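Produce the complete structure using the sequences and hints provided.
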Amino acid sequence: AALDCSTADFTYVNFSRYVKMSLTQKLNVLFKRKSIKYGVPFLILIVGGSFGLEQFARLRYQFSRKQPVNPEDMEKYGVTMKKPEEVTLDKEYERIKSLNIDEWENKRGPRPWEETQ
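Once you know that position 73 of the sequence shown is 76 in our numbering, the rest is easy, because the numbers rise by one and skip nothing.
Don't read these hints as lab results, they were simulated from the structure.
Misleading hints may appear alongside valid ones.
To be verified - In silico DSS-like cross-links for lysine-lysine, where the CA-CA straight-line distance does not exceed 25 Å:
#, residue 1, residue 2
1, 100, 86
2, 110, 100
3, 40, 29
4, 79, 69
Predicted model, so just to flag it, every value in this text is computed and none were measured.
What follows is the structure in structure tokens.
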């Protein structure tokens with residue numbers, strides 16, 4: 004008797020019939036399974052996507068600027084930098100603690116559709 008390849012589950016297939024099947028019939032039965040039909044492409048997409056993202060991340064870090072900031076160069080652009088000894092965590096904490104946070108005014112910025120005056 005011929006094996007019905009419309010069933011997608013091997014549990015319904017008699018093993019002795021499965022051994023006698025040709026390779027194309029075995030592949031047809033295998034590819035009709037939902038786990039193969041949808042699961043394998045999904046796993047390939049996930050694993051392949053991680054390798055693809057790795058390449059983009061490698062480019063990001065490979066070509067990023069890693070040179071230190073030179074104070075002389077920054078002064079050319081009008082940026083004044085403090086010396087590292089002048090800025091400490093304790094000094095910044097005291098400066099922020101002395102700010103008056105109770106008296107402030109909310110200032111609304113201009114909207115794109117409003118005319119600038």
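Outcome of the hint check:
1. Proposed proximity of residue 100 and residue 86 is supported: the alpha carbons are some 22 Å apart, at most 25 Å.
2. Straight-line distance between C-alpha atoms of residue 110 and residue 100 comes to about 23 Å, which keeps the hinted pair within the 25 Å bound.
3. Pair hint residue 40 plus residue 29 holds up; C-alpha atoms about 14 Å apart against a cutoff of 25 Å.
4. As the CA atoms of residue 79 and residue 69 are separated by approximately 20 Å, the hinted pair is consistent with the 25 Å bound.
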